[in-house]
Amino acid sequence: MPTFVYMTRCDGCGQCVDICPSDIMHIDKTLRRAYNIEPNMCWECYSCVKACPHHAIDVRGYADFAPLGHSVRVHRDEEKGTIAWRIKFRNGKKDFDLLAPITTKPWGTCIPQLANEAAPADSMRDTQLLYNEPKYVAMNDNALMTLESNGLEIKEGVYY
Amino acid sequence: MFNTNPFDAVTALISTDIQQGYIILMAILVFVGTVLDMMHKKSAKYFALDTEKNNKNAKRSVGTGEKAGIAIAVVANEILTSAEFCNTKRRISHMLTMYGFILFVASTATMIFGWSTDALVANLWHTGALMLCLGGYWFWFFIRVDVNSEGVKWYQLRRADIFIVSLLTTATFALIWSYLQSSGAGAVADMGWTTLFFALFILSNTVLFSTVMWSKFAHMFFKPAAAFQKRVAHADGGNLNLPADYDLSDPAVHARYPDVPMYMGKNPPNMGAGIRREPANHY
Chain A
0 MPTFVYMTRC DGCGQCVDIC PSDIMHIDKT LRRAYNIEPN MCWECYSCVK ACPHHAIDVR
60 GYADFAPLGH SVRVHRDEEK GTIAWRIKFR NGKKDFDLLA PITTKPWGTC IPQLANEAAP
120 ADSMRDTQLL YNEPKYVAMN DNALMTLESN GLEIKEGVYY
Chain B
0 MFNTNPFDAV TALISTDIQQ GYIILMAILV FVGTVLDMMH KKSAKYFALD TEKNNKNAKR
60 SVGTGEKAGI AIAVVANEIL TSAEFCNTKR RISHMLTMYG FILFVASTAT MIFGWSTDAL
120 VANLWHTGAL MLCLGGYWFW FFIRVDVNSE GVKWYQLRRA DIFIVSLLTT ATFALIWSYL
180 QSSGAGAVAD MGWTTLFFAL FILSNTVLFS TVMWSKFAHM FFKPAAAFQK RVAHADGGNL
240 NLPADYDLSD PAVHARYPDV PMYMGKNPPN MGAGIRREPA NHY
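So the sequences go chain by chain: A and B. Sequential numbering from 0 applies to the first sequence in numbering that gives the first Met the number 0. Sequential numbering from 0 applies to the second sequence in numbering that gives the first Met the number 0.
Worth flagging that the hints you see were computed from the coordinates, not collected in a lab. Take these hints with a grain of salt, some might be off.
Some chain B residues judged to face chain A by a derived CB distance under 7 Å, without partners named [unchecked claim]:
(1) Ser148
(2) Arg157
(3) Tyr256
(4) Pro268
(5) Asn269
(6) Met270
Computed list of lysine-lysine pairs in BS3-like fashion (alpha-carbon distance at most 25 Å, straight line) [claimed, not checked]:
(7) B:Lys222 - B:Lys41
(8) A:Lys93 - B:Lys55
(9) B:Lys58 - A:Lys93
(10) B:Lys40 - B:Lys215
(11) A:Lys49 - B:Lys88
Taking CB as the label site, the calculated pair distances span [stated by the list, open to error]:
(12) B:Ala105 - A:Met6: 28 to 36 Å
(13) B:Asn122 - A:Thr7: 37 to 45 Å
(14) A:Thr29 - B:Ala26: 20 to 28 Å
(15) B:Asp244 - A:Thr103: 19 to 27 Å
Quantities reported herein were computed from a predicted structural model and do not represent experimental measurements. C-beta atoms are modelled at their ideal positions from N, C-alpha and C, and glycine is treated no differently.
Generate the whole structure from the sequences, applying the supplied hints.
Structure (structure tokens):
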């Protein structure tokens, strides 16, 4: 369900352009309003829908999801920590309201205290693994799964 | 410079009648441009359709008294203090430009129609032009949409820039012209630098008021109407088809959406400004 912009509500602030991970939200050069330049390439993450301070971005549904045509409106309230969705069918009879928490901790209370961590030793710096990675990656009888142990070597481009 | 009416010297070359006629012509151009803009963009038609749609979604009717209250709120918030802007810098810049423009236009009309010859009016004219320059250049160099969001160079001009460029050049040329005149660079009739900047001032002023159809000049007329419509939609429960604004401490909300109290408790704390805590500035 790619996104689209209501031109009359958009004020061209550029929040959606900044947040779009796919870089497909752009500002129209003539009207200075945002628009989705490539709906087919939309990742449907809805970051832009949630970030838009004017609720100017809506979601275009597929026929199986919304056979009658619809409007999907989203309101992300960061101070309350909730996100509310409203899906309204074209005939006005089907009308869903959804509400969910977007976080369980107030903003700024879960910042990792990296300054308190011990500096990595040289052996850790020289390894092919990233910081903390051995704790979380699959180990094979305590042997690390590396390119070398698998008989591979790094080549230019992406081969493996 | 600040206490002198710069239009006094112009009277030697251009009669007061022509000056007053020019002001009236500009007012007519704004009116015609706004009407053409509404017809071209079908904004009035869209506005009526949107109002009709919002009325259908309304959960209750808003009385005349409440509508008057909403109108007062629109004047106090959206019009006088530009409260719809989420970005504080943009809001301040907009207010400097808006009040600068009002001061500049009102004092120009006052001086040309001879309603007052006080030095105060000349002072207001210069103050308005300075405010326009301050807010306008701030907007032009640091806030303009493409520059902030898409890393476009500040000097790339597009049709969308007609309004801000003609506004800025009008105020800038007006100040330079007034300065040259007061520093004794010659009257308009001398055909020197003063004349050149007077001509540039009139040219950019004419562009500003004659391009309403293609610029965003008309926003000052329909923005308050849109703000009023938005507030009415919120008051009557239609809320522009947005989800309801839930009270998270309400047991009925907890019963309907059990995820919320499960993860956030019965009285969820204020979660802070989130991603809005700082302006996005990726370029």
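Taking the hints in turn, this is what the structure says about them:
1. Ser148: holds (3 Å)
2. Arg157: holds (5 Å)
3. Tyr256: This hint holds: Tyr256 (chain B) lies near chain A, its Cβ roughly 4 Å from the closest one there, short of 7 Å.
4. Pro268: Where the cut-off is 7 Å and the nearest Cβ of chain A is about 6 Å from Pro268 (chain B), the hint holds.
5. Asn269: holds (5 Å)
6. Met270: holds (4 Å)
7. B:Lys222 - B:Lys41: holds (15 Å)
8. A:Lys93 - B:Lys55: holds (15 Å)
9. B:Lys58 - A:Lys93: holds (16 Å)
10. B:Lys40 - B:Lys215: This hinted pair holds, its Cα atoms lying about 12 Å apart.
11. A:Lys49 - B:Lys88: With a Cα-Cα distance of about 22 Å, the restraint between Lys49 (chain A) and Lys88 (chain B) holds, given a limit of 25 Å.
12. B:Ala105 - A:Met6: 28 to 36 Å: holds (32 Å)
13. B:Asn122 - A:Thr7: 37 to 45 Å: The hinted range 37 to 45 Å holds for Asn122 (chain B) and Thr7 (chain A), with Cβ atoms some 39 Å apart.
14. A:Thr29 - B:Ala26: 20 to 28 Å: holds (27 Å)
15. B:Asp244 - A:Thr103: 19 to 27 Å: holds (21 Å)
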